[in-house]
Amino acid sequence: MREAIGTEPRWGREDDPGQAVERLLDVAGMVFARHGVFTAKVNDVALEAGCSRGTLYRYFPDADALRFAFVEREARRIVAEVAGQVRSIVDPGQRLVAAILVSLDAVRGDEVLRAWFDPTVAGRTKRLAMQVEVVSSMLEPLVRDVHGRAGTTLATEWVVRVILSLLAHPADPADERRMLERYLLRSLS
19 MREAIGTEPR WGREDDPGQA VERLLDVAGM VFARHGVFTA KVNDVALEAG
69 CSRGTLYRYF PDADALRFAF VEREARRIVA EVAGQVRSIV DPGQRLVAAI
119 LVSLDAVRGD EVLRAWFDPT VAGRTKRLAM QVEVVSSMLE PLVRDVHGRA
169 GTTLATEWVV RVILSLLAHP ADPADERRML ERYLLRSLS
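Just so we're aligned: the sequence shown equals residues 19 to 207 in the working numbering.
Each hint should be verified, as a subset may be incorrect.
Unchecked claim - Within a straight-line C-alpha distance of at most 25 Å, the following computed DMTMM-like cross-link-like pairs (lysine to aspartate or glutamate) qualify: (1) K144 to D123; (2) K59 to D128; (3) K144 to D190; (4) K144 to E199; (5) K59 to D136; (6) K59 to D44; (7) K144 to E158; (8) K144 to D128; (9) K144 to E175; (10) K59 to E92; (11) K144 to D193; (12) K144 to D82; (13) K144 to D34; (14) K144 to E90; (15) K144 to E194; (16) K144 to D109; (17) K144 to D80.
Note that these hints are calculated values from the structure, not bench results.
Given these sequences and hints, build the entire structure.
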């Protein structure tokens with residue numbers, strides 16, 4: 019579970035832009051979870067962050083850019099978590115399956131990220147997530163190790179779509195593992 023945002027932030031131009039972006043993305047995540055990912059407004063985020071809309075627009079030109087930045091940041095965080103957990107798995111197929119399962123658990127275990135895969139918004143989330151290169155860049159070497167031939171980029175896109183589908187329409191975890199081992203691995207080999 020995420021912690022609530024602390025004390026009133028300062029939003030002067032002298033602030034470190036990187037810190038300001040991180041603070042705004044933290045607040046945006048909570049606002050997306052509370053108001054709905056695609057119904058939350060820039061004004062909602064600005065009010066919650068204690069800044070003006072102009073300040074928020076200084077860092078994000080519109081709501082879509084804010085959503086994209088949030089998804090990209092969270093994807094990077096999850097990719098780092100996944101990489102650490104699957105690094106020692108020797109078998110390429112089992113490493114890929116483990117990476118997918120760890121990713122699913124990380125998203126499902128985070129109240130803010132779960133909101134992105136509510137069935138009412140999952141289609142829009144999928145379109146946004148397909149634009150985030152960090153997910154594909156993490157999966158591509160894992161897919162290549164299993165796939166081992168031309169067409170790895172297309173195969174990687176398919177794996178990303180499988181992950182997004184499982185997030186939007188979860189199954190029993192044991193069934194998910196069996197599906198990945200039986201069908202995903204067979205299709206890539």
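- Task: Hint by hint, work out which the structure violates, then give me just those numbers in ascending order.
- Result: 13, 16
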